[in-house]
Amino acid sequence: MSTASVTTDINIGPFKIPSNGQNMIMNNYAQRNNLIIEFVIPEPMMSNALATVQWLHKENKFNKVILCSIHQLPKEKKRINDLIKTMKNVEFHFALEGISGKGKNFILSAISEAKMFSKSKVLESDKTNWLNLYKMINPKNKL
Amino acid sequence: MKLKDELIKGKGYSIFSIENMKELEILRDSFVKKINITNNGNADIYNVRKKLAKMPKSEINKSMINLLSFNNLSEMIINSCPSLVKSLCGKELFIQRRAHTIINVPGKGQQKQWTHYELMSGISPFTFVIWTPLHDLDDSGGVYYIDQKESLRMMRIEQNEGLVNGPRILNLMQNQKPAKLKFGQGIVFNPFILHGNVNFKSSLARIACNVRFQSIKKPLLQKNTDYLKYYKIP
Numbered sequence: 008m009s010t011a012s013v014t015t016d017i018n019i020g021p022f023k024i025p026s027n028g029q030n031m032i033m034n035n036y037a038q039r040n041n042l043i044i045e046f047v048i049p050e051p052m053m054s055n056a057l058a059t060v061q062w063l064h065k066e067n068k069f070n071k072v073i074l075c076s077i078h079q080l081p082k083e084k085k086r087i088n089d090l091i092k093t094m095k096n097v098e099f100h101f102a103l104e105g106i107s108g109k110g111k112n113f114i115l116s117a118i119s120e121a122k123m124f125s126k127s128k129v130l131e132s133d134k135t136n137w138l139n140l141y142k143m144i145n146p147k148n149k150l
Numbered sequence: 060m061k062l063k064d065e066l067i068k069g070k071g072y073s074i075f076s077i078e079n080m081k082e083l084e085i086l087r088d089s090f091v092k093k094i095n096i097t098n099n100g101n102a103d104i105y106n107v108r109k110k111l112a113k114m115p116k117s118e119i120n121k122s123m124i125n126l127l128s129f130n131n132l133s134e135m136i137i138n139s140c141p142s143l144v145k146s147l148c149g150k151e152l153f154i155q156r157r158a159h160t161i162i163n164v165p166g167k168g169q170q171k172q173w174t175h176y177e178l179m180s181g182i183s184p185f186t187f188v189i190w191t192p193l194h195d196l197d198d199s200g201g202v203y204y205i206d207q208k209e210s211l212r213m214m215r216i217e218q219n220e221g222l223v224n225g226p227r228i229l230n231l232m233q234n235q236k237p238a239k240l241k242f243g244q245g246i247v248f249n250p251f252i253l254h255g256n257v258n259f260k261s262s263l264a265r266i267a268c269n270v271r272f273q274s275i276k277k278p279l280l281q282k283n284t285d286y287l288k289y290y291k292i293p
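Quick mapping for you: the protein sequence lines, in order, are chains H and Y.
Heads up, the first sequence is in the working numbering, so the first residue is 8 and it goes up one at a time.
Heads up, the second sequence is in the working numbering, so the first residue is 60 and it goes up one at a time.
Among these hints, one or two may not hold up.
[As the list claims (entries may be wrong)] Below, a list of computed lysine-lysine pairs in the DSS-like style, where the Cα atoms sit at most 25 angstroms apart:
id : chain 1 : residue 1 : chain 2 : residue 2
1  : Y       : K92       : Y       : K121
2  : Y       : K236      : H       : K147
3  : Y       : K61       : Y       : K277
4  : Y       : K68       : H       : K142
5  : Y       : K291      : H       : K128
6  : H       : K142      : Y       : K121
7  : Y       : K63       : Y       : K260
8  : Y       : K70       : H       : K147
9  : H       : K126      : Y       : K277
No lab work stands behind these hints, which were simulated from the structure alone.
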């Protein structure tokens, strides 16, 4: 029975976090929540299957897994089902969102929330300025 | 003028009365219970304010950790004024994952907050903010708002100067007149309104909470699931 933290691709939904940054975020989360990380698992880049952690879980029986964000959960139905089947008794922690829980409903609800956010348009703050942002809410205002 | 027009085309902020006072009272009492700093016999907002006013800053910060379990504060604020929120953003929202509780204690250098726009944190321009005190505000200090026309004028000057929150904005802290609200009133404002906090004279601490929300149909800016969560008004 142990706790693992998992690093993934640098692109995590809307965030771009290098793996050492991911480790800093998860280590800080663990410290604040009195968790002791025993395994640090690197998933391969360009994959959101979380296959490595599932494979290692079969041998090491993790009881807690820490990830940086709900955006690291799989998106494809088969991969989601595999994750639920293998890890339904594992408590998942998402450091940036500050939420935790376990079981099918919790995992599906986290995936559903990530999907909802990923559908939203994101304004590119490096391609606009303050006045243009204001014009978005009130286009008729002559600034 | 309709509230939405007042917030977007008018002065940018508006004082309103809380629609569901029972929800706000539960919120206030939950705060008193969760911060857990008074003896059980006198656990009410007055005694919490009295106790906080005498505590050193480090002790207040420690007691704020007790509030980490207050993870439904955002929903409680939204549910205390559901019609207002629905009229601005509809029923399906992205709301702040953890609403803020603000504690200001009397004493030199303790209560000032420089003038700023909420947008500076990276929330969407389509966000609105609700701020409400957990008790009557009994003096003429505290939080002030600068109307939209002046806020935008300052923004335009700063943008031309290549600055954000420069000396002009910081100097706006002088001669401001804060709104004197009662428990059961709140202020709703858009993220382009300059606001801040000035000294107050009360011998008790001041406690307020605020929440940011936007429609799920509107675009996000820099804040994502790290700061926001999905919420549907019942």
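Evaluation of the provided hints:
1. K92/Y to K121/Y: Between K92/Y and K121/Y the Cα gap is close to 15 angstroms, so the pair holds against 25 angstroms.
2. K236/Y to K147/H: violated (30 angstroms)
3. K61/Y to K277/Y: holds (20 angstroms)
4. K68/Y to K142/H: holds (11 angstroms)
5. K291/Y to K128/H: This hinted pair holds, its Cα atoms lying about 19 angstroms apart.
6. K142/H to K121/Y: Since the Cα atoms of K142/H and K121/Y sit roughly 42 angstroms apart, the hinted pair is violated (cutoff 25 angstroms).
7. K63/Y to K260/Y: Not OK: K63/Y and K260/Y at ~34 angstroms, beyond 25 angstroms, violated.
8. K70/Y to K147/H: With a Cα-Cα distance of about 15 angstroms, the restraint between K70/Y and K147/H holds, given a limit of 25 angstroms.
9. K126/H to K277/Y: holds (11 angstroms)
Hints 2, 6 and 7 from the earlier list are contradicted by this structure; the remaining hints agree with it.
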